[in-house]
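S.K.: As given, the protein sequences belong to chains Y and R, one line each in that order.
Under the UniProt record's numbering, the residues of the first sequence are numbered 1 to 186, in order.
Under the UniProt record's numbering, the residues of the second sequence are numbered 1 to 314, in order.
Certain hints may be false.
Some chain Y residues judged to face chain R by a derived CB distance under 7 Å, without partners named [claimed, not checked]: (1) Asn130; (2) Cys142; (3) Ser146; (4) Met149; (5) Asn165; (6) Ala182.
Below are the DSS-like pairs computed for lysine-lysine, each with C-alpha atoms no more than 27 Å apart in a straight line [as the list claims (entries may be wrong)]: (7) Lys193/R / Lys143/R; (8) Lys155/R / Lys193/R; (9) Lys61/R / Lys152/Y; (10) Lys150/Y / Lys117/R; (11) Lys297/R / Lys193/R; (12) Lys152/Y / Lys164/Y; (13) Lys32/Y / Lys65/Y; (14) Lys8/R / Lys65/Y; (15) Lys117/R / Lys8/R; (16) Lys169/Y / Lys113/R; (17) Lys152/Y / Lys8/R; (18) Lys155/R / Lys150/Y; (19) Lys155/R / Lys113/R; (20) Lys169/Y / Lys112/Y; (21) Lys150/Y / Lys169/Y; (22) Lys150/Y / Lys61/R; (23) Lys297/R / Lys113/R; (24) Lys280/R / Lys193/R; (25) Lys152/Y / Lys81/Y; (26) Lys112/Y / Lys81/Y; (27) Lys117/R / Lys155/R; (28) Lys61/R / Lys155/R; (29) Lys112/Y / Lys8/R; (30) Lys8/R / Lys32/Y; (31) Lys150/Y / Lys280/R; (32) Lys152/Y / Lys112/Y; (33) Lys61/R / Lys113/R; (34) Lys61/R / Lys143/R; (35) Lys189/R / Lys113/R; (36) Lys112/Y / Lys150/Y; (37) Lys164/Y / Lys8/R.
FYI, nobody ran anything at the bench for these hints, they're computed from the structure.
Quick caveat, the model's predicted, so the values are computed rather than measured.
Glycine residues also receive a C-beta, built at the ideal position from the N, C-alpha and C atoms.
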Amino acid sequence: MEVDKGKGEAEETRKVAEADRDTVTLKSSDGKLFEVSKEAAARLSTVLAGMIAGGSIDDNGTDLKQIGSEALENVVDYCNKHANSIPSAALISSSISFNTAPFKEPEEWERKFVDRLSHDALFDLVEAANFLGMERLLDVTCHKISEMMKGKSPDQIREVFNIKNDYTKEELEEIRQELAWAFYDD
Amino acid sequence: MAEAEIDKISELPDDVLLDILGRLVVTAGDVHAVARTSILSRRWRSLPWPQITGVSLDVSKFFIPSDEWQRVRQRRRRRRRAWEQDQRHATAAFTDALARFLEAPASKRVIEKLSLKFFLRRRDDLRRIGELVGGAAAGGVVKSVELEIVVTEMKSVAPELEEQTKLGNGERFGHFLHDCPGAFRSITKLTLKDMWFHDAAELNSNLLRGCNNLQFLTLSSCGIFYPKTLPNADEPSRPPALTIDAPELRLEFLRCDLCDIGGVELVQAPALSGFSYYAKVIEDSAPISFGCTPSLKCLSLGHCQGEDTFVKLK
Chain Y
1 MEVDKGKGEA EETRKVAEAD RDTVTLKSSD GKLFEVSKEA AARLSTVLAG
51 MIAGGSIDDN GTDLKQIGSE ALENVVDYCN KHANSIPSAA LISSSISFNT
101 APFKEPEEWE RKFVDRLSHD ALFDLVEAAN FLGMERLLDV TCHKISEMMK
151 GKSPDQIREV FNIKNDYTKE ELEEIRQELA WAFYDD
Chain R
1 MAEAEIDKIS ELPDDVLLDI LGRLVVTAGD VHAVARTSIL SRRWRSLPWP
51 QITGVSLDVS KFFIPSDEWQ RVRQRRRRRR RAWEQDQRHA TAAFTDALAR
101 FLEAPASKRV IEKLSLKFFL RRRDDLRRIG ELVGGAAAGG VVKSVELEIV
151 VTEMKSVAPE LEEQTKLGNG ERFGHFLHDC PGAFRSITKL TLKDMWFHDA
201 AELNSNLLRG CNNLQFLTLS SCGIFYPKTL PNADEPSRPP ALTIDAPELR
251 LEFLRCDLCD IGGVELVQAP ALSGFSYYAK VIEDSAPISF GCTPSLKCLS
301 LGHCQGEDTF VKLK
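Generate coordinates for the entire structure from the input sequences, incorporating the hints supplied.
M.R.: Structure representation (structure tokens):
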């Protein structure tokens with residue numbers, strides 16, 4: 001069913017793509033097609049920029065087998081929102097990232113964008129952003145995750161992220177002793 | 001947000017997890033929060049700690065106040081030994097944390113500034129710290145290093161042992177400098193306190209020549225050893241001067257506070273833009289002489305008059 005729907009979308013997308021070359025079509029691991037601004041994709045993702053420049057973009061939908069449809073939808077949504085949020089004059093300079101400010105603060109709309117995501121969707125998006133080389137989106141999502149960890153004890157962090165404690169009692173004791181300074185706070 | 005059904009965070013690649021941890025250090029303000037993630041699971045312990053652009057480690061943050069310490073504190077005799085032991089533990093924990101911070105995999109991100117504050121302890125301890133710093137600087141992981149070397153408080157040293165203690169400090173520092181040339185080459189800021197050097201050359205040439213990236217140097221209560229009165233001399237001898245004669249030196253700021261030196265001779269210090277000198281006593285001879293110092297913009301001179309009063313000349 002999903003694939004059929006995807007095909008329908010593909011035909012529609014192809015028509016649009018033929019009429020307007022400003023977009024590229026991306027295909028998720030489960031065969032769904034998404035259309036994204038070519039300019040925004042190239043600017044925000046080093047991998048997509050490479051594919052566009054190298055001519056390996058398929059008009060019928062470029063296969064992104066590692067990314068599920070939900071994550072890809074968020075990626076595309078983010079790119080399109082980004083395309084609308086920045087005046088075009090600033091595009092060129094924003095595509096070059098300097099290492100001077102290592103951690104850029106997310107903008108208000110970016111905060112809202114990640115805040116509305118479910119836990120699983122957030123992590124799928126981090127993986128997609130990492131795979132596509134989307135530095136800015138990675139910044140925004142990693143910022144969100146670090147905020148979720150902030151001020152929490154190891155037990156609380158385990159609970160939030162469902163991290164399984166695979167240490168033995170002896171090992172835990174050993175680490176606690178080794179890093180005793182880290183567990184003491186004024 | 002709903003809690004996780006499955007553990008997705010631990011499946012993220014190393015560099016993404018390191019990025020998250022790096023942010024945690026920046027926002028939480030210290031390395032403790034990151035160190036604590038080691039206890040989450042094996043996956044987290046295997047992570048080399050993040051390369052963040054500014055790492056600041058202060059040995060005083062690595063002390064673990066123990067009940068034992070509280071108890072021995074009451075008893076004067078055992079106090080010193082307990083302090084030594086605490087110092088040793090703190091230095092070991094400090095060095096481990098430094099090693100974990102520096103062992104992060106090579107990537108495009110580097111530590112712009114590494115600030116370290118540690119004790120002038122045994123030669124082996126210092127060498128380990130120096131080798132870590134030198135290795136990281138040589139590998140391009142660290143761009144600039146700031147060192148503040150902490151020595152035993154002079155007020156806890158008997159007055160008759162003060163000179164000997166300061167000379168011992170100077171000797172230990174000399175060994176450190178000799179053992180770890182790589183570390184000193186990367187230093188941009190150095191703060192030394194209560195160190196006396198055996199001869200002027202050690203301070204004048206060894207230190208300044210060894211630290212060819214040094215931009216900020218603070219010498220506080222440091223000095224150069226000299227015989228108090230020469231035999232067959234009428235006047236008391238004057239300690240040797242600190243001579244800065246290095247055309248290739250990048251030193252921009254020099255601060256000498258209450259040093260036992262016979263003034264400062266700025267023969268060649270092309271990059272020096274700020275110089276601050278607080279003398280212990282007023283002498284008849286001029287404390288400072290200027291040679292080639294084309295960049296000098298800010299000069300602050302003063303002396304300690306009577307008890308604790310500073311008189312600022314400019």
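S.K.: Now look at each hint and say whether the structure bears it out.
M.R.: Now the hints, each set against the structure:
no. : hint                : verdict
1   : Asn130              : 5 Å, holds
2   : Cys142              : 5 Å, holds
3   : Ser146              : 4 Å, holds
4   : Met149              : 6 Å, holds
5   : Asn165              : 6 Å, holds
6   : Ala182              : 3 Å, holds
7   : Lys193/R / Lys143/R : 25 Å, holds
8   : Lys155/R / Lys193/R : 13 Å, holds
9   : Lys61/R / Lys152/Y  : 20 Å, holds
10  : Lys150/Y / Lys117/R : 26 Å, holds
11  : Lys297/R / Lys193/R : 25 Å, holds
12  : Lys152/Y / Lys164/Y : 16 Å, holds
13  : Lys32/Y / Lys65/Y   : 11 Å, holds
14  : Lys8/R / Lys65/Y    : 19 Å, holds
15  : Lys117/R / Lys8/R   : 38 Å, violated
16  : Lys169/Y / Lys113/R : 38 Å, violated
17  : Lys152/Y / Lys8/R   : 18 Å, holds
18  : Lys155/R / Lys150/Y : 41 Å, violated
19  : Lys155/R / Lys113/R : 32 Å, violated
20  : Lys169/Y / Lys112/Y : 41 Å, violated
21  : Lys150/Y / Lys169/Y : 25 Å, holds
22  : Lys150/Y / Lys61/R  : 20 Å, holds
23  : Lys297/R / Lys113/R : 26 Å, holds
24  : Lys280/R / Lys193/R : 15 Å, holds
25  : Lys152/Y / Lys81/Y  : 32 Å, violated
26  : Lys112/Y / Lys81/Y  : 12 Å, holds
27  : Lys117/R / Lys155/R : 20 Å, holds
28  : Lys61/R / Lys155/R  : 22 Å, holds
29  : Lys112/Y / Lys8/R   : 21 Å, holds
30  : Lys8/R / Lys32/Y    : 23 Å, holds
31  : Lys150/Y / Lys280/R : 49 Å, violated
32  : Lys152/Y / Lys112/Y : 22 Å, holds
33  : Lys61/R / Lys113/R  : 19 Å, holds
34  : Lys61/R / Lys143/R  : 24 Å, holds
35  : Lys189/R / Lys113/R : 10 Å, holds
36  : Lys112/Y / Lys150/Y : 19 Å, holds
37  : Lys164/Y / Lys8/R   : 11 Å, holds
In summary, the structure is inconsistent with hints 15, 16, 18, 19, 20, 25 and 31 from the numbered list given earlier, while agreeing with the others.
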